[in-house]
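**Q** In case you want the letters, here they are:
Number of protein chains: 2
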Amino acid sequence: MKKLINDPSDVVDEMLDGMVAAYPNRLRRLEGMEVLVREDAPVEGKVGIVSGGGSGHEPTHAGYIGDGMLDGAAAGEVFTSPTADQLHAMVEACDGGEGVLCVVKNYEGDVMNFDTAAEMADMEGVEVEQVVVDDDVAVEDSLYTSGRRGVAGTILVHKAAGAKAAGGGDLGEVKAVAEKVVENVGTMGTALTSCVTPEKGEPTFDLGEDEIELGIGIHGEPGTQRTEMMSADEITEHLAGRVLDDLDLDEGRQVLTIVNGMGGTPLMELFVVNRRLQELMGEEGLETWDAWVGDYMTSLDMMGCSITVCAVDEELKELLGAPADTPALTVTE
Amino acid sequence: MKKLINDPSDVVDEMLDGMVAAYPNRLRRLEGMEVLVREDAPVEGKVGIVSGGGSGHEPTHAGYIGDGMLDGAAAGEVFTSPTADQLHAMVEACDGGEGVLCVVKNYEGDVMNFDTAAEMADMEGVEVEQVVVDDDVAVEDSLYTSGRRGVAGTILVHKAAGAKAAGGGDLGEVKAVAEKVVENVGTMGTALTSCVTPEKGEPTFDLGEDEIELGIGIHGEPGTQRTEMMSADEITEHLAGRVLDDLDLDEGRQVLTIVNGMGGTPLMELFVVNRRLQELMGEEGLETWDAWVGDYMTSLDMMGCSITVCAVDEELKELLGAPADTPALTVTE
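If you're matching them up, the sequences are chains A and B in order.
Count the first sequence with our numbering and you get residues 616 to 948, in order.
Count the second sequence with our numbering and you get residues 616 to 948, in order.
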């Protein structure tokens, strides 16, 4: 499988340099680390918001560094957790004196290394809190997790926590809104093709020309169910149905929806999915307050998408709709 | 080849409805037409800026509708020019009394149909001007064009003309800045894979596992040269070298660069390309004023990228850096 890369072992390092080269006034790389932070980090007097995880999910997470979202993002090797040392360095670099919230996708390696990093920072007097995101409704436990996986709903946690911190919230308040998003968000995804990692150079699972996987994760693991190819409408109904079953929302609730591309799917197809998704929201008696469509959390070159639904109240609408200015997501007043 | 679609013949129609469903406060579909316009079109007292072309290049063009860029975009069937009737309806809908500039990518069908639409509008008293974009340095003439093709540099024409119009420029002034971009921009692309159209369902050209195409267009046509797979750095050097040869810029010139994904290439790889591209700009004695990395003008699910370089002066920097607020591109002050 062909890729626009040089030596596969350099891909994360070169990607990070390429990001800084694109946004030199916004992003800064910590010396010798696979960590990007705001160019002006730490922001004194503001709670720092950081995240991180394996690479291969771009623009997650570094694309969300900027005003109103993240202060820092650590990038592990492809589909591999960042080390505790890297996470620790990030937390230190993003502490502006008001403490740091770590937004952690629920994978065992990520959780363990963020825990260790938090302990290290704590010993140096940095106040650290964590929120673990587990929005994937497809699984109870999975290949890499105890409990559900953290997937595209994580971006909404970045957004709400980032807005709360930008507005002057203290660490406890910022953590509380992050947890509120986690309690109100669900996601489920499908793959039309496997992804191909740079190191391996071939698909991580085989899938026939008339088959798809439902309930996929974002690390090339197969889904919970293999089925025959379906139409975009049928796939949308299946994914959204599972998410809505899990959320069990009262009629009339307002929601934010995301149709998220997995990296190899044209935007055209994501809009075709969004069309049916918004019809469905109406049929279910829900009101879409905002609809996001695009590649927010990818799995390299995988074709497919995930659907996220997040129930919103006045507080979450204010935070999710607040201004943000990052390479991958901009919200204007 | 699997796609997230329903009936292939409905894909453009359903995509457009899905876009409006995502941005109901920003976009409006003209009744019975495959045309999207600003929700508040026409903007009285402002020159209208419109574009259009075949579908399959999303977010081009409708993703650029909004403050500071386009007022309307017409979507033909996949890789097929919009009809003159559709273009005419768009021009009419976007005329706020100051005339309309049509930004046309150089393809025979597009140019012909925009010409006809302009004549129709002119007969009704709407002042219409056109600028034809032909930034692809790979070809002199091509399968679908007399002269060079219009590709990703077109987005910079939307941006500069849109900013000039938003700032109160008259039709002549807006056309002049659009032409200034055209004179100063060049692009060249490569394909690692062919794209697959919804109707055909299989690759439009065959390419071996160790081959790539250089000098591709955006309609699934093969490139001008087939070569062995190269590293990202080698590909970057080749593409950028051809563009810079064409532009022949004096040392010290400031430029805006775009690394544009063709639809199926992960963002990770585009940043790897950008890393080498920015090194090269330095080696060539050029100064990057701004660097864009992402999927701006795609070719369905094609893997590959194009590199655009646009020489900028004070006027173009002011216009390209002016605020814009569209689904696919937001520039903040």
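Errors might be hidden in some of the hints.
As the list claims (entries may be wrong) - Think about it this way: if two alpha-carbon atoms lie no more than 25 Å apart in a straight line, the pair counts; the simulated DSS-like pairs of lysine-lysine are:
id, chain 1, residue 1, chain 2, residue 2
1, B, K617, A, K617
2, A, K617, B, K815
3, A, K815, B, K815
4, A, K815, A, K617
5, B, K617, B, K815
Because the hints were derived from the structure by calculation, they are not lab data.
Remember, it's a predicted structure, so these values are computed and weren't measured experimentally.
**Q** Each of the hints needs a verdict: does it hold here or not?
**A** Checked hints:
1. K617(B) to K617(A): 20 Å, holds
2. K617(A) to K815(B): Holds - the C-alpha atoms of K815(B) and K617(A) are around 23 Å apart, at most 25 Å.
3. K815(A) to K815(B): 31 Å, violated
4. K815(A) to K617(A): Holds: K815(A) and K617(A) sit about 11 Å apart, inside 25 Å.
5. K617(B) to K815(B): 11 Å, holds
In the structure shown, a violation is registered for the earlier hint numbered 3 alone.
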